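Novice: Listed below are the residues making up each chain.
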Amino acid sequence: MRMRKMPLWIVAGIALFCCTVMGQDRTPQTPVRSSGYDLKREGTLVGTVIAYTESSTTPPLGARVILQTTGGIVDVHLGNPRLLTANHFNIQAGDTLRIIGENVAFGSAAPFLARIVQKGTQALAVRSERGIPVRYVAPKNGAGSKSQGGVL
Amino acid sequence: MKRLPWLTTLMLAAVLSACSGGGSNIPPPPPAGGFSVSSLKGYYAFSMSGLDTSGAYLARTGSFVADGAGNITSAMEDVVDLSAGAPTEVTFAPGSYSVQANGRGVIVLKDNSGNGLTLTMVLQSSSQGFLLQTDTGLIGTGSLGSFNLQTTTDFAATALNGNYIFDFSGESLTGATPTVVSTIGNISATGNGIITGGVIDINDGNAGVSSAVNILPGSYTLDPANGATFGRGTAVFAGHTFAFYIVDATRIKFLQEDSQGGSSGDAFLQSGAIPTQDSGFTGSFAYLVGGSSTVGPDAAVARFAADGKGGIGAISYDENNNGSLRHISQGSNISNASYAIDTVNAGSGRGTFTFTDSTNGTFTYVFYLISPTSGVIQDVSSGFVADGTLLAQTGSSFTLAGLAGNYVFNWSGVDISSYSVENYVGQYALANSASNNISGVLDGTSLGINGVASYPNSGVQGTLTINSGGSANNTYQIAAGSSVSPTYDFQAYIVDANTLLLVGTDKTRVLAGIVSRQSQ
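Chains G and H are the protein sequences, given in the same order. Take the first sequence: its letters are residues 1 to 152, numbered as in this note's numbering. Take the second sequence: its letters are residues 1 to 520, numbered as in this note's numbering.
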């Protein structure tokens, strides 16, 4: 059940050269501290996974997926890889994902931060409605798998 | 995530210890100092928080009794583990402890079911220190905290009398998703079991920033079974249920125990002339906050000066936001730098301050003063949930000669390349030399997705470099002989001759910490 990982240099290369659909247009002119998340700005991406890594080497660090959408390639930050693993949310190249999120200013860029990730019928909230990364909470006393919320 | 059988966990930890960590050849120096097992004697309240082996929030608050001869004669704790069901009260069988001359020691406890709890401690003095959970069992590793000598004559409801300022941080389960939460505020206790009310500020990763909320009356009571022996009690206020342990009449350790999540923190009796208007808030302050931003873990350390007229200046700010580093210095880049003491809730100690950096945007905080020189602080900037400590900065020109001496420290944070939780405690001597002026030891743990690694008693060497009088950011570098990482880099803000606040500047880990002078 290990997630299939692409070598980091490939991911980094794709991230470097990709033409983002939503990211570039909204990249701020000057570096900024990460800004707030606003539900009103949210958008939905649907695409095919080109690459996935649990630990990106370029900020913001964390789980990242490079998604091929109809409008181009988008670099999506998923946050804490432990949350994905704990919820048995496996991502690998070729998967089709639906991702709700938005571009948020961070440093000299504006990465697309995912709030909800859906693969098939499995949906996982990786951020709160304020954009704060979700903490993992295991099912209590073996009470079965507890949804982390955010079902589409 | 399924928990590993304990043997597998131990083996994995051993492998991780062998395969990773620092490679420097820095042996721990011979323990030096005047501490011994007799330094730990009496009743001590402790509180720790972190994650369990599954990655869920865990916090423990309790009390132990040390006999000054290497024995823990009795101990108990309350534990909240959000992956383990209802909060539990644990009674421990008699245990043991050791203390080296440098104040480093180990406490070994077993509960009545045979589960072990091993805590590495560093004594700041006979009355307080830092704790790091270093066992690799199933109770949960990755917790870090502190302990304080209890005054047993204050184990009574009447001891809780006055206005208390608190800072609780943890995890909220009340929203659509589990997320971080910070609550800071003021409560008034009357000494007869009544909390008459108070005012709080909540920053919740789901619900957002509350601003000042006046809370309804609450109550507290000492535990009939354990109140007289350990100072334990229970309280209800601000919509939450808590267990608490009395340190003394001026300090109470709280642990949230309800279905709404888990959080913990200390409450301090207000003292001194708490400002009720802007003119009462003057001087230099340093602060340290840690928490989360939209992109991940965040820690920041800073200083500013309040002018007594609602303005702040002399800002210096350092932050590690998910590996993205920023330093801000006061200049034409800063605008709208102001503060306001809350006059609606006058006397609560509540205030706010904000500043805008032309590059990095607006920074906004709420604080509550415990005294004119100390308080708790919450980052309420858009996209952030973080809290920490606010301290008056005393002394305008810091020197290594003035700072030289023995210190204990703790660091905690996240390795963002693997999202492993890292915690450290240690002790070192700071010498009056320009370089290589730090020599001591540290104990560390790394709780990752594949298990726990423990790095005990690693030698450390390093350098504190004081820049331009030291009131702003200073360079602080540590090399470790056998730890999670071979090197750790920080920005250090000197509070006074006894205390430093740290934020890590490594781009793959977000660490925050505090360094405190030892005394015997």
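In case anyone wonders, no lab produced these hints; they're calculated from the structure. One or more hints might be untrue.
[To be verified] On the chain H side, residues computed to face chain G include the following (Cβ under 7 Å):
| hint | residue |
| --- | --- |
| 1 | 56 |
| 2 | 171 |
| 3 | 213 |
| 4 | 217 |
| 5 | 323 |
| 6 | 360 |
| 7 | 450 |
[To be verified] Where chain H lies over chain G, by a calculated footprint (3+ residues, C-beta under 8 Å):
| hint | region |
| --- | --- |
| 8 | 33 to 45 |
| 9 | 106 to 116 |
| 10 | 130 to 137 |
Here the structure is a predicted model, which means the values were calculated and not measured. All C-beta atoms in this analysis are idealised placements derived from N, C-alpha and C, irrespective of residue type, glycine included.
Novice: For every hint, state whether the structure bears it out.
Specialist: Right, here's what the structure says about each hint:
1. Taking 7 Å as the C-beta cut-off, the interface hint given for residue 56 of chain H holds, the closest approach to chain G being about 5 Å.
2. Restraint check, residue 171 of chain H versus chain G: the minimum CB separation of about 5 Å is within 7 Å; hint holds.
3. Restraint check, residue 213 of chain H versus chain G: the minimum CB separation of about 18 Å is more than 7 Å; hint violated.
4. The restraint placing residue 217 of chain H at the interface with chain G is violated, with a minimum CB-CB distance near 30 Å, outside the 7 Å limit.
5. Interface hint at residue 323 of chain H: satisfied, since its Cβ lies 5 Å from the closest Cβ of chain G, which is below the 7 Å cut-off.
6. Interface hint status for residue 360 of chain H: upheld, as the beta-carbon distance to the closest one in chain G is roughly 4 Å, under 7 Å.
7. Against a cut-off of 7 Å between C-beta atoms, the interface hint on residue 450 of chain H is violated, since the closest Cβ of chain G lies about 10 Å away.
8. Under a criterion of three residues with beta carbons nearer than 8 Å to beta carbons of chain H, the stated coverage of the region 33 to 45 of chain G is upheld, 5 such residues being counted.
9. Look at the region 106 to 116 of chain G against chain H: 4 of its residues bring a Cβ nearer than 8 Å to a Cβ of that chain, three or more, so the hint holds.
10. Counting residues of the region 130 to 137 of chain G whose beta-carbon sits less than 8 Å from any beta-carbon of chain H gives 8, enough to reach three: the coverage restraint holds.
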